[in-house]
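A.B. asks: Protein chains in written order, with my numbering: chain A, 6 to 307; chain B, 6 to 307.
Honestly, the hints are just simulated from the structure, not real lab data. Be aware that a few hints might be false.
Put simply, identical chains are the same to the list, so a pair is met inside one copy or across any two.
Only pairs whose alpha carbons sit at most 25 Å apart, straight line, appear in this in silico DMTMM-like list of lysine to aspartate or glutamate [said to hold, decoys possible]:
id : residue 1 : residue 2
1  : 118       : 167
2  : 290       : 26
3  : 168       : 95
4  : 281       : 122
5  : 114       : 303
There are 2 protein chains.
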Amino acid sequence: MKNEKVIITDVTGRDGFQMEDEWIETEDKVAILNKIIDAGIKRIEATSFVSPKAVPQLKDAREVIKHINREQVDLVVLIPNIKGAEFALEAGVDEVNVVVSVSETHNQKNVRKSVNESIDGIGEIYRLLDKLNIKVNVGLATTFGCPFEGIYDVSRVSVVIDKLKEQGLNRFMLSDTTGVANPTQITSFINDLTGKFSDSHFSLHLHNTRGMGLANLLAGYQAGICNFDAALGGIGGCPFAPGATGNVCLEDVVHMFYQMGVDIDPNVSKLIDASKHLEKVLGYKLPGQVMNAGLSTDTVSA
Amino acid sequence: MKNEKVIITDVTGRDGFQMEDEWIETEDKVAILNKIIDAGIKRIEATSFVSPKAVPQLKDAREVIKHINREQVDLVVLIPNIKGAEFALEAGVDEVNVVVSVSETHNQKNVRKSVNESIDGIGEIYRLLDKLNIKVNVGLATTFGCPFEGIYDVSRVSVVIDKLKEQGLNRFMLSDTTGVANPTQITSFINDLTGKFSDSHFSLHLHNTRGMGLANLLAGYQAGICNFDAALGGIGGCPFAPGATGNVCLEDVVHMFYQMGVDIDPNVSKLIDASKHLEKVLGYKLPGQVMNAGLSTDTVSA
Numbered sequence: 006m007k008n009e010k011v012i013i014t015d016v017t018g019r020d021g022f023q024m025e026d027e028w029i030e031t032e033d034k035v036a037i038l039n040k041i042i043d044a045g046i047k048r049i050e051a052t053s054f055v056s057p058k059a060v061p062q063l064k065d066a067r068e069v070i071k072h073i074n075r076e077q078v079d080l081v082v083l084i085p086n087i088k089g090a091e092f093a094l095e096a097g098v099d100e101v102n103v104v105v106s107v108s109e110t111h112n113q114k115n116v117r118k119s120v121n122e123s124i125d126g127i128g129e130i131y132r133l134l135d136k137l138n139i140k141v142n143v144g145l146a147t148t149f150g151c152p153f154e155g156i157y158d159v160s161r162v163s164v165v166i167d168k169l170k171e172q173g174l175n176r177f178m179l180s181d182t183t184g185v186a187n188p189t190q191i192t193s194f195i196n197d198l199t200g201k202f203s204d205s206h207f208s209l210h211l212h213n214t215r216g217m218g219l220a221n222l223l224a225g226y227q228a229g230i231c232n233f234d235a236a237l238g239g240i241g242g243c244p245f246a247p248g249a250t251g252n253v254c255l256e257d258v259v260h261m262f263y264q265m266g267v268d269i270d271p272n273v274s275k276l277i278d279a280s281k282h283l284e285k286v287l288g289y290k291l292p293g294q295v296m297n298a299g300l301s302t303d304t305v306s307a
Numbered sequence: 006m007k008n009e010k011v012i013i014t015d016v017t018g019r020d021g022f023q024m025e026d027e028w029i030e031t032e033d034k035v036a037i038l039n040k041i042i043d044a045g046i047k048r049i050e051a052t053s054f055v056s057p058k059a060v061p062q063l064k065d066a067r068e069v070i071k072h073i074n075r076e077q078v079d080l081v082v083l084i085p086n087i088k089g090a091e092f093a094l095e096a097g098v099d100e101v102n103v104v105v106s107v108s109e110t111h112n113q114k115n116v117r118k119s120v121n122e123s124i125d126g127i128g129e130i131y132r133l134l135d136k137l138n139i140k141v142n143v144g145l146a147t148t149f150g151c152p153f154e155g156i157y158d159v160s161r162v163s164v165v166i167d168k169l170k171e172q173g174l175n176r177f178m179l180s181d182t183t184g185v186a187n188p189t190q191i192t193s194f195i196n197d198l199t200g201k202f203s204d205s206h207f208s209l210h211l212h213n214t215r216g217m218g219l220a221n222l223l224a225g226y227q228a229g230i231c232n233f234d235a236a237l238g239g240i241g242g243c244p245f246a247p248g249a250t251g252n253v254c255l256e257d258v259v260h261m262f263y264q265m266g267v268d269i270d271p272n273v274s275k276l277i278d279a280s281k282h283l284e285k286v287l288g289y290k291l292p293g294q295v296m297n298a299g300l301s302t303d304t305v306s307a
């Protein structure tokens, strides 16, 4: 499978912010997302139209969308159900993300529905939005395993994709929700799935929970994936591993591709500035590395 | 190049401890290294016979060596010169590590010698120790670039290896001293060097300074390397990047190989225990990930 141009989707505004207990002011959210956009990120999952009760941090979703520099990015919003789809329509987003877990137990814990019930809901969303040319991407949470059911065979993922394809869906984000994947597994799962579903679009959503984030991303890239999610400073995380870090770090990912000589748009130095700003706003040390160390190609005088 | 069994050398006692400003009690050092050995690590760079003035933290080198469980490991000690070689002989170590930088500027900064002067000194050490069956491994510091001279071509490394081979040396640790390497460069350098010097032994010493530690390790493994250095909890570091993390984390490295299905001896859970102990001794949060998150294969009841 040949790599197309590498596109990184920034998920700071959704998977990043949703894990923050302390309220982040709407203007701070907007400023950070606009810095990310200004750095050359072309696709952004900016927020989520979830219930403010479920995720109070994202209750300002409409305000955030209104004030970010929309014209420079593909705007994606996470939606949980058909109500969210109607909000997304009103807001005029470019794409929506929906989620279903591969793990039955994780799906029950996450949304109190069976996997099949979630798939039916996703089908309903797809039928509403597809005819209006709004892309619907399915996040396959716990693709590589989950804390309740452990690591499972790729056939578990295929079964879920098969059902989603029956509903018309064709864009899938393989999500390592709790950061359990390893490079060998990534290679094997991607080869299997891109072989079996060669007409589908796949991206990778990776967490650095066990330090393997960039190694897994490398394995994914080697297997032909060219779309990856990442969050500024490596924020986000997983409620099941409180001491662990979150999403793969946006500026570290861009920096690695840049140093590897891969053609990639965003400017690392601008992303570092954005990450330092985010660190000030959040008030704690972020797990990002390049923001502390600088670029590999930076030099000092002897 | 086919991988042999993967062997991880623990460098906590040398590259880890030497970066610690606060004095670590000798009995704490010994306890930590013995926990690492007890976890199944088979090769350990336990300390360094450097001047106590230069590195006060390692002034107890002889005491440390005396009290670790020698019979279960290959004991390696870093030595800076022929005097250190004599100390190593007295102490009856199995192997010594010596260092020369590929970067002329870095070598001057590090040991106030030219690269050629360092190589001559290494030749002298080799002539003393080789006939006594003590292996001499050469750490090629700044193999992949340095903060003063930037990233350079692999031919710079070949020139240094050629000169060392003229002196009889044949075991080389490709060291990413300041964590500037990227996976593409690792692949290309290793293919070039193992092709050109096919009768030499190569290992990888990687830092996680810019988050690419395990991605680089994966690239190295894919290129056929099976010997890697790592430090418990990811301690160590680089004086040129104060906010950045250090060596690739021992338990995270072992965990990744274990999850990848690679045959590897050390026990991850025992290493996590050792790392938590180290964290208590040092009194600050270590950058290791698996020590916080647990194993990928750990499960909780729903």
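A.B. asks: Against the structure shown, which of the earlier numbered hints fail to hold, in ascending order?
C.D. replies: 3, 4
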